[in-house]
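2 protein chains.
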Amino acid sequence: MDSRRRTVTRADVARLAGLSTAVVSYVLSGSDRPVSEASRARVLAAVEALGYRPNAAAQALSRGRSTMIGFIVPDQRNPFFAEMMSAIDGAAQAHDLMVLTLNAHERRSADGDEIAGLTSQQLEGIISADTLTPQELTIIERNRIPLVYVNQFSARPGHPTFSTDYIAGSRLAVEHLLSLGHRRIAFVGNESHLDTREAGWRRALSDAGVPAGPVFHSDYSLKGGYEAGLQLADHRDAVSAVFAASDQVATGLLTALHERGIDIPGEISVVGFDGTPEAAYTWPALTSVSQPVHEMAHDAVALLVSGDPSPIFRDYPAELVVRASTGPARAG
Amino acid sequence: MDSRRRTVTRADVARLAGLSTAVVSYVLSGSDRPVSEASRARVLAAVEALGYRPNAAAQALSRGRSTMIGFIVPDQRNPFFAEMMSAIDGAAQAHDLMVLTLNAHERRSADGDEIAGLTSQQLEGIISADTLTPQELTIIERNRIPLVYVNQFSARPGHPTFSTDYIAGSRLAVEHLLSLGHRRIAFVGNESHLDTREAGWRRALSDAGVPAGPVFHSDYSLKGGYEAGLQLADHRDAVSAVFAASDQVATGLLTALHERGIDIPGEISVVGFDGTPEAAYTWPALTSVSQPVHEMAHDAVALLVSGDPSPIFRDYPAELVVRASTGPARAG
DNA sequence: CTGAAAGCGCTTACAG
DNA sequence: CTGAAAGCGCTTACAG
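Line by line, the protein sequences give chains A and B.
Numbering-wise, the first sequence is residues 1 to 332 according to the numbering used here.
Numbering-wise, the second sequence is residues 1 to 332 according to the numbering used here.
Keep in mind the hints are simulated off the structure, nothing from the lab.
Please note: incorrect hints may appear among the correct ones.
[To be verified] Chain A stretches covered by chain B per the calculated footprint, using a threshold of three residues with CB under 8 Å from any CB of chain B:
hint, region
1, 75–85
2, 89–99
[Unchecked claim] No farther apart than 25 Å at their CA atoms in a straight line, the calculated lysine to any residue pairs in the SDA-like style are these:
hint, chain 1, residue 1, chain 2, residue 2
3, A, K223, B, S221
4, A, K223, A, F153
5, A, K223, B, H258
6, B, K223, A, G90
7, B, K223, B, A256
8, A, K223, B, H294
9, B, K223, A, H294
Positions of the beta carbon are idealized from the N, C-alpha and C atoms, including for glycine.
The task is simple: from the sequences and hints, build the whole structure.
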């Protein structure tokens with residue numbers, strides 16, 4: 001007697017039910033194949049008795065597609081992406097899909113090896129919150145895997161792209177600060193020319209006839225924000241408010257400004273971007289432009305499931321959440 | 001001409017190379033089967049020319065195991081678990097494994113449906129950072145999937161368990177506060193009797209002959225910490241320092257204490273637990289007991305890969321990271 | 001060193 | 001309504 005109990009297969013179920021394996025499949029796959037009530041009951045009873053679970057690999061091979069979607073993310077530790085990952089996972093679960101996450105670890109190899117590993121899993125589709133290299137894109141397209149972009153700054157030709165309207169969102173932040181009387185509004189964020197938040201900040205100021213304040217470039221990280229904050233502190237006289245392009249940056253910024261003894265929002269007001277849950281628990285609680293992560297995640301998964309390949313670009317409105325890190329500009 | 005280009009299979013490679021599919025497998029699977037250099041070169045050239053990638057589902061079916069491991073986590077948005085997930089992903093990548101994460105979403109169904117979905121993926125193994133219900137455990141064991149626990153408060157019979165030494169870690173926090181002269185040290189954390197951090201706090205105090213301070217129970221979340229912080233503020237006279245059982249709790253606590261105008265560490269010192277990256281950017285920067293997440297993740301993956309099933313319990317020492325949220329107790 | 005063939009556990013026309 | 005059988009794309013004894 002073999003100590004390694006064999007896995008229960010649908011053949012075992014068929015045997016116990018006294019039916020063919022085909023009927024078992026008809027019952028279990030929920031297809032529209034007609035099955036008598038008696039047979040259905042016997043199959044279900046046998047499944048229950050044996051604790052049978054279909055082998056996902058066999059199903060994937062046979063159907064030519066799996067029950068998983070891929071998610072490509074720059075850094076799963078970043079709270080914004082963690083939130084998005086969680087939202088995609090939730091949306092996927094509603095469609096009985098699992099999410100296979102590919103985390104760039106800031107060191108994805110250029111030749112697309114990791115992407116190739118992903119695509120070989122027979123995925124239902126891929127959602128990318130990261131930019132892809134031409135090689136990576138080629139691999140995905142050659143395997144004809146549906147691809148949806150999220151969190152991009154512009155439309156990606158050939159693939160649906162669901163993104164927050166970064167320009168309008170940045171405008172919300174700037175207009176909020178303007179309405180509080182601020183006229184010396186700095187920007188802190190990534191240097192990438194793809195990122196439209198700096199452009200949104202600049203345009204909103206120019207539309208209001210207010211000169212653009214200083215720009216401090218930083219990585220999208222707590223550390224980047226902190227370092228930018230130290231620089232900004234050296235220019236405190238030139239600034240009464242800051243628009244930080246991510247909550248992480250804003251959080252690091254806050255720490256640096258505190259260290260330099262700058263009162264927030266008394267001396268400098270700070271607005272973040274993303275609307276992560278942690279923004280409510282910084283000190284002071286961060287005013288932030290919230291991205292509709294759940295809507296985007298839901299729609300991206302839904303599109304993948306629908307199988308509609310039309311390459312659309314959809315803009316989602318951001319929303320300003322006012323908390324304690326912004327206040328009226330001081331006179332003078 | 002079919003517009004849907006067929007997927008390239010190993011039969012195509014074999015054809016192009018002028019060899020059998022078996023030889024293609026021998027070359028690609030890196031088995032010890034002898035293959036002539038000439039054949040090997042032709043296979044590799046054909047693979048390259050066709051952009052061939054093995055079908056992971058077929059491989060999993062044929063081999064009886066996939067190239068994935070599962071990771072069960074209570075909440076992937078929690079920075080501590082995000083860090084652990086990232087560490088496991090990194091360790092898995094080193095073994096050419098992908099990680100399929102099952103996020104509890106605080107609402108996993110009791111019948112084990114989600115776990116069953118995981119196990120049907122022919123996983124190499126499962127790492128669980130969450131507690132499992134008896135039903136869930138039964139499903140995993142019935143499918144004979146190797147299981148390793150991480151982040152548990154006690155050994156799990158029958159399965160290897162890799163955890164931080166919570167008792168000793170809590171002692172580090174308490175002894176740090178004692179050495180700063182604190183004698184009224186509160187505890188904030190989960191009510192679970194499984195969680196040994198409260199016991200560690202209590203024992204360290206009792207060993208020092210110092211009476212235990214007040215206890216405030218809270219969820220392991222920013223909100224939970226915030227609410228506990230409001231309560232604690234009402235008892236500020238009875239407390240000169242707090243040991244918070246997680247960085248999230250400590251961060252929420254900080255916000256509440258700030259709101260109540262309590263100076264940190266001037267009036268109350270705060271120590272967190274986890275050692276998450278964000279702890280360095282709270283205000284003030286949080287002193288915290290750091291868990292060796294990367295070592296545990298590395299070892300858990302390595303054990304799964306090794307196939308060694310011996311059910312060991314391994315303790316990892318935590319480390320105190322002193323930052324600005326703790327300071328000397330005021331006289332009197 | 002190489003290849004024909006069985007087998008992994010499903011799905012799905014097809015025939016009845 | 002049900003079942004025999006081919007097929008999905010691999011792997012791996014086995015024979016040569």
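The hints, checked one at a time:
1. 75–85: holds (count 7)
2. 89–99: holds (count 6)
3. A:K223 - B:S221: OK: K223 (chain A) and S221 (chain B) at ~23 Å, within 25 Å.
4. A:K223 - A:F153: holds, 23 Å
5. A:K223 - B:H258: Given pair K223 (chain A), H258 (chain B) holds - Cα atoms ~23 Å apart, limit 25 Å.
6. B:K223 - A:G90: Status holds; Cα separation ~22 Å.
7. B:K223 - B:A256: Holds: K223 (chain B) and A256 (chain B) sit about 10 Å apart, inside 25 Å.
8. A:K223 - B:H294: holds, 20 Å
9. B:K223 - A:H294: With a Cα-Cα distance of about 20 Å, the restraint between K223 (chain B) and H294 (chain A) holds, given a limit of 25 Å.
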